[in-house]
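Enquirer: Dock chain B against the given chain A, drawing on the hints supplied.
Protein sequence lines, in the order shown, are assigned to chains A and B. Read in the working numbering, the first sequence has 18 at position 14, and its numbers run on one by one without any break. Read in the working numbering, the second sequence has 252 at position 11, and its numbers run on one by one without any break.
There could be a bad hint or two in this list.
With a straight-line cut-off of 27 Å between C-alpha atoms, the simulated DSSO-like cross-links for lysine-lysine are [what the hints assert, rightly or not]:
id: 1; chain 1: A; residue 1: Lys62; chain 2: B; residue 2: Lys419
id: 2; chain 1: B; residue 1: Lys631; chain 2: B; residue 2: Lys361
id: 3; chain 1: B; residue 1: Lys542; chain 2: A; residue 2: Lys62
id: 4; chain 1: B; residue 1: Lys271; chain 2: B; residue 2: Lys286
id: 5; chain 1: B; residue 1: Lys458; chain 2: B; residue 2: Lys349
id: 6; chain 1: B; residue 1: Lys543; chain 2: B; residue 2: Lys271
id: 7; chain 1: B; residue 1: Lys543; chain 2: B; residue 2: Lys286
id: 8; chain 1: B; residue 1: Lys419; chain 2: A; residue 2: Lys87
id: 9; chain 1: B; residue 1: Lys381; chain 2: B; residue 2: Lys450
These are computed hints drawn from the structure, not numbers from a lab.
Okay, here's what each chain looks like letter by letter:
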Amino acid sequence: MEVENTRQIIQVLKRLIASEQNLALENIQDHNSFFDLGLDSISAVYLMELAENELNIKLTPLDFWDYPTIAQFAEYIFNQNFKR
Amino acid sequence: MSLWSPHSPENILSPYPMYERLRAEAPIYKAQTGEWIFTRYDDVKHVLTNRVFGSGNRKNWIERGVEYLAQKDIDLAFIAEAMNNFILQLDPPSHTRVRRFVTDNWDKHGVEQLIEENTKVLINEIKSDEFDIIKSFAAKLPSMTTARIMGLPLADHQYLHDLSSEMIKALDLYVDLKELVRLNDASKKFITYFKEKINNEELGDGLIKHLLTINKKSTEPLNENELISLFIFLFVASEETSVSFLGMTLFNIIHHDLQPTLTNKANINTDIEEFLRYDSPVQLLGRIALEDISIRNINIKKGDTVTLSIGAANRDPEIFSNPNEIQLGRNSKHLTFGKGTHYCLGDWLAKAVAKIAIKEALKSFSNLQIVSPPADWYNNIAIRGFRSLKVKTN
Numbered sequence: 005m006e007v008e009n010t011r012q013i014i015q016v017l018k019r020l021i022a023s024e025q026n027l028a029l030e031n032i033q034d035h036n037s038f039f040d041l042g043l044d045s046i047s048a049v050y051l052m053e054l055a056e057n058e059l060n061i062k063l064t065p066l067d068f069w070d071y072p073t074i075a076q077f078a079e080y081i082f083n084q085n086f087k088r
Numbered sequence: 242m243s244l245w246s247p248h249s250p251e252n253i254l255s256p257y258p259m260y261e262r263l264r265a266e267a268p269i270y271k272a273q274t275g276e277w278i279f280t281r282y283d284d285v286k287h288v289l290t291n292r293v294f295g296s297g298n299r300k301n302w303i304e305r306g307v308e309y310l311a312q313k314d315i316d317l318a319f320i321a322e323a324m325n326n327f328i329l330q331l332d333p334p335s336h337t338r339v340r341r342f343v344t345d346n347w348d349k350h351g352v353e354q355l356i357e358e359n360t361k362v363l364i365n366e367i368k369s370d371e372f373d374i375i376k377s378f379a380a381k382l383p384s385m386t387t388a389r390i391m392g393l394p395l396a397d398h399q400y401l402h403d404l405s406s407e408m409i410k411a412l413d414l415y416v417d418l419k420e421l422v423r424l425n426d427a428s429k430k431f432i433t434y435f436k437e438k439i440n441n442e443e444l445g446d447g448l449i450k451h452l453l454t455i456n457k458k459s460t461e462p463l464n465e466n467e468l469i470s471l472f473i474f475l476f477v478a479s480e481e482t483s484v485s486f487l488g489m490t491l492f493n494i495i496h497h498d499l500q501p502t503l504t505n506k507a508n509i510n511t512d513i514e515e516f517l518r519y520d521s522p523v524q525l526l527g528r529i530a531l532e533d534i535s536i537r538n539i540n541i542k543k544g545d546t547v548t549l550s551i552g553a554a555n556r557d558p559e560i561f562s563n564p565n566e567i568q569l570g571r572n573s574k575h576l577t578f579g580k581g582t583h584y585c586l587g588d589w590l591a592k593a594v595a596k597i598a599i600k601e602a603l604k605s606f607s608n609l610q611i612v613s614p615p616a617d618w619y620n621n622i623a624i625r626g627f628r629s630l631k632v633k634t635n
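Bound conformation, chain B alone:
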């Protein structure tokens, strides 16, 4: 039986024993699917920063899939349209251009205050001592925050959250046809939504309005499809990973009895880094070899798919002593946000959301305890997270 089993229920609960075995027995492992699975920190980092490996593996697969399934009278064209400008899936030079367009023009001013306001609104809505901390808090805060950053109506945040939960499948390594059909539906709704917002000028002040203004003045502007795809990407990327990270971290804090320590700390920035290492919300990243290359005497051919296990790299004992322990204050040079040209452009936002949400939650809900274990996990290990966690406070 293959060592690679990203759908098995026990690996969804904890993929780390599987990673440990892969890292020890075959750190570059040829999976049954033909792709190469990388589990060592140094190797993962090497691939992330090596231009021999390109990024468009999922976009490419989806485009070929859409074409193939069109012959079977299954129309999934909206997926390809929605994904055409996903920064994560672009290679230079288009990657450089689109990425710069966002990073150069994203005003971070006032974002922390906005997160604080949203956090307080959600906490005040929780009236019972027993509640679902994901459904009523962690799952709402990121979409509320992103909606406001983008200048979208706050009332739309739940709708956009639900679409994002489907849309994230575009980046999953393995999907079935039913998921593709749902993904196409979500793509269509997302495209329609942003089209309306742009063309009816229903945008408040915020990132989208600002980017549209800058784009109009550009000598090399993005067209409407490219802009919409970019907005979808920014929403989805900031949403699903942030929900997962926030939920998982709240669970880790309660489960490992860290609330007393963290509640009294003035600054939890380093602690957030350790939680990012311990349970990375993004567990897998895909790359495609653009040339033949040999790593550790293993020959990887041009066109081969490479799957980087971020979760495994972050627990590599060569780099982190006692990697399976949470050590607050540890110097966590984790790979959770990637490395190199594709380094996550929203890292600061993810950290700000986590820092504020966790501080406020721990302060507002004393002595948090878990009522029932996390439930409704993501259906494979690509994203580490769940959609329900019942807790109580006193």
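The shape of chain A in the complex, shown without the other chains:
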């Protein structure tokens, strides 16, 4: 997908997490940590794969822990992959 800004990545992550964790989209906030949303080192592996495929990027298993909130993770992904 074409990514112009961090907001779009946030939307993708929220959508994936909502579907994986069976949460209502409106209950997921930018500042929520993955841990707060019930993800752990195992479900994170799957979520990372989904995010990689959706955004056509490459992540390492520790990125998820290094940038533990949706906003931080999205910003990191944007800066690494889409910033011009």
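Expert: This is chain B only, laid out in the frame that chain A set:
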């Protein structure tokens, strides 16, 4: 930003500055992943020998992962099957039983001669003055040697080497889904391979045949799955670490200009110990707290994961003076092979391979020089090693 960064490219090249900082600022550090990172020698040794800490952290994680991903229609069941009897991941009493089964029945006789023969074969195949000392030597010798020890066809060694390179990921601390899928594929191939060898009786004389005979007579025999997992473990454990150690040591010898000193020595056993300390091939070992415990006033809870940095412990200045220097002849009480009940059962083999390979290589290739820096490093710091090093001789 976290002090713990095991995937960053600069730490892969040299994790030691990161360890130094951790050891100085937070010797028991709570990483972003929630695990505790230990970097002091005394603490690492304490955990290795303390029964409060169990060993099954990766096996447990993999089993839970396989179960979770099965719900997503991703079948990784071969990984769990391949790992079910990895000695490194077992706790007593099953650990004691399986370990004894191997150590009591492993005949070390003739192994040195076998390593010497393999070493000569590989050295004779190198015809050019410029060559890749990993690809054409260090990466081949351990799998050739282990194949012959086990009584497997020598022609299979490259295939088994390639599978081992994937299989070692089973013990990595952090893996992604693509790696898990490749790991599952390697697990399946390994299982099929050993099944065929056992059931078609295609085994030469060696460790596997011997263990199978002993097992048949046992009152408490291992079943076929357990045996196969054990053979996979023995192959992988003796292979990847040995390749890494051999490659890294050859690099250290050339880079630090130690070839003239070592070539003339009759016995390099103590020197091997110092290289084992200086760059341990296994950099990280995992444990899991089986009870609440307090160490250095830090409360570690039951179920917490503990990551022991062997590489950091081996360079602790409290124990080793000028730890970042190679000092041949130093009394290296390193933790490279672990300590306590899980002490590496193949230490003697790793040392024998290194001793013979290094002596022969230094003698056969005079004035070795590095053509281009080590390349194709392992993708995180758990294993310290690389898969390519171009050198020249004259």
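Enquirer: Indicate, hint by hint, whether the structure satisfies it.
Expert: Hints, one by one, checked against the model:
For the given pair, A/Lys62 sits about 11 Å from B/Lys419 by alpha-carbon distance, which is consistent with the 27 Å threshold. Restraint check: the Cα-Cα separation between B/Lys631 and B/Lys361 comes to about 20 Å, which is no more than 27 Å; the hinted pair holds. For a cut-off of 27 Å, the pair hint linking B/Lys542 to A/Lys62 is broken: about 34 Å separates their Cα positions. A C-alpha spacing of about 19 Å is found between B/Lys271 and B/Lys286, which places the hinted pair at or below 27 Å, so the restraint holds.
A hinted pair counts as satisfied when its Cα atoms are at most 27 Å apart, and B/Lys458 with B/Lys349 qualifies at roughly 22 Å. Of the pairs offered as hints, the one joining B/Lys543 and B/Lys271 holds, with about 15 Å between alpha carbons and a cut-off of 27 Å not exceeded. Our distance criterion of 27 Å between C-alpha atoms is met by B/Lys543 and B/Lys286, whose separation comes to about 19 Å. A distance of roughly 26 Å separates the Cα atoms of B/Lys419 and A/Lys87; the hinted pair therefore holds under the 27 Å criterion.
The suggested pairing of B/Lys381 with B/Lys450 holds, with an alpha-carbon distance near 23 Å, which does not exceed 27 Å.
Violated hint: 3 only; the structure is consistent with all others.
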